[in-house]
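Visitor: Sequence:
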Amino acid sequence: MLSTLLTLVRYDIKTTLRQAFSWVTPLLFFVIVVTLFPLAVGSDETLLAQIAPGIIWVAALLAVLLSIGNLFQNDAEVGHLDVLCLSPHPLTLLVLAKITSHWLTHCLPLILISPLLGFLLHFRPYQEYALIVSLLLGTPVLTLLGAIGAALIVGIRGHGLLLPILIMPLYIPVLIFGTGLMIAATHAEPILGFVALMGALMLVSLAFAPWFTAIALRIGVSQ
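To convert a position in the sequence shown, counted from 1, into this note's numbering, add 274.
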């Protein structure tokens with residue numbers, strides 16, 4: 275079973291890397307949105323310190339939202355999704371493997387480049403640390419919850435803005451706690467409480483999101 279999951283993760287990663295636009299586009303979007311704000315509001319460090327947490331988290335949320343719609347869509351078009359649903363292995367674990375590969379190819383690059391963007395926003399070392407921790411805990415939640423919405427629309431043609439409407443309400447707690455963690459770091463306050471809350475969100479999402487996603491996929495494939 276483990277070898278099957280690892281094979282699926284490697285397959286998805288290789289497929290994504292061959293289609294560079296699918297993972298480069300969200301990354302460029304994240305970088306462009308964050309870098310445009312200092313150009314627009316000026317180089318005032320006090321002002322940037324106040325708005326930077328919201329800028330980074332809204333940009334990260336939109337970047338994930340930009341890529342999550344294709345999580346199952348390409349597999350559905352080529353028939354690979356039918357094979358996954360008919361597999362003797364639990365669909366929940368197969369879905370978790372696909373979510374993991376999506377996080378590695380789309381969210382991990384955002385986290386790796388975030389310290390550079392923090393430097394552009396005049397972050398102190400403690401703020402850089404808080405930024406990385408918040409994204410490490412928050413982006414898996416965004417991906418897990420987004421997978422539910424992506425599975426719900428997999429059988430719908432021309433879904434348009436349906437996906438953002440479905441999952442944006444689920445993203446609100448992550449946005450609040452992630453921004454709150456960054457604001458606490460900006461004021462040199464302890465961030466352990468926010469870390470605990472975001473860790474709890476991640477564990478709850480990890481426990482339930484793959485299961486709900488598998489149910490939604492079976493409904494979508496059967497249509």
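Some clues are possibly wrong.
Restraint-style ranges between C-beta atoms, simulated for each label pair [claimed, not checked]:
id, residue 1, residue 2, range
1, P364, A474, 30 to 38 Å
2, L313, P362, 51 to 59 Å
3, I306, I450, 22 to 30 Å
4, F482, T320, 18 to 26 Å
5, T289, T320, 23 to 31 Å
6, A474, I406, 15 to 23 Å
7, H363, A314, 46 to 54 Å
8, V315, C359, 45 to 53 Å
9, Q324, R284, 23 to 31 Å
10, I287, L477, 42 to 50 Å
11, A481, I450, 48 to 56 Å
12, S361, L313, 45 to 53 Å
13, L360, T289, 37 to 45 Å
Note that these hints are calculated values from the structure, not bench results.
Predicted model only: the values in this text are computed from it and were never measured.
Don't be surprised by glycine CBs; every beta carbon is placed ideally from N, CA and C.
Visitor: Does each hint fit the structure? Answer for all of them.
Guide: Okay, the hints, checked on the actual structure:
1. At roughly 25 Å, the beta carbons of P364 and A474 sit outside the given window of 30 to 38 Å.
2. A C-beta distance of roughly 54 Å is found between L313 and P362, which places it inside the suggested range of 51 to 59 Å.
3. Between I306 and I450 the beta carbons are some 24 Å apart, a value that agrees with the proposed interval 22 to 30 Å.
4. Checked against the hint of 18 to 26 Å, the pair F482 and T320 fails, with Cβ atoms roughly 41 Å apart.
5. A C-beta distance of roughly 45 Å is found between T289 and T320, which places it outside the suggested range of 23 to 31 Å.
6. Evaluation of the 15 to 23 Å hint for A474 and I406 yields a pass: the beta carbon distance comes to about 19 Å.
7. A beta carbon spacing of about 49 Å between H363 and A314 agrees with the range 46 to 54 Å that was offered as a hint.
8. Between V315 and C359 the CB atoms are about 49 Å apart, so this pair conforms to the stated range of 45 to 53 Å.
9. Between Q324 and R284 the CB atoms are about 43 Å apart, so this pair departs from the stated range of 23 to 31 Å.
10. Distance hint check: the CB atoms of I287 and L477 are about 24 Å apart, inconsistent with the given range 42 to 50 Å.
11. A481 and I450 have their C-beta atoms about 21 Å apart, which leaves the hinted 48 to 56 Å range violated.
12. Taking the beta carbon of each, S361 and L313 are about 49 Å apart, inside 45 to 53 Å as hinted.
13. Checked against the given bound of 37 to 45 Å, the beta carbons of L360 and T289, roughly 20 Å apart, lie outside it.
Of the numbered hints given earlier, the model fails hints 1, 4, 5, 9, 10, 11 and 13; all others are met.
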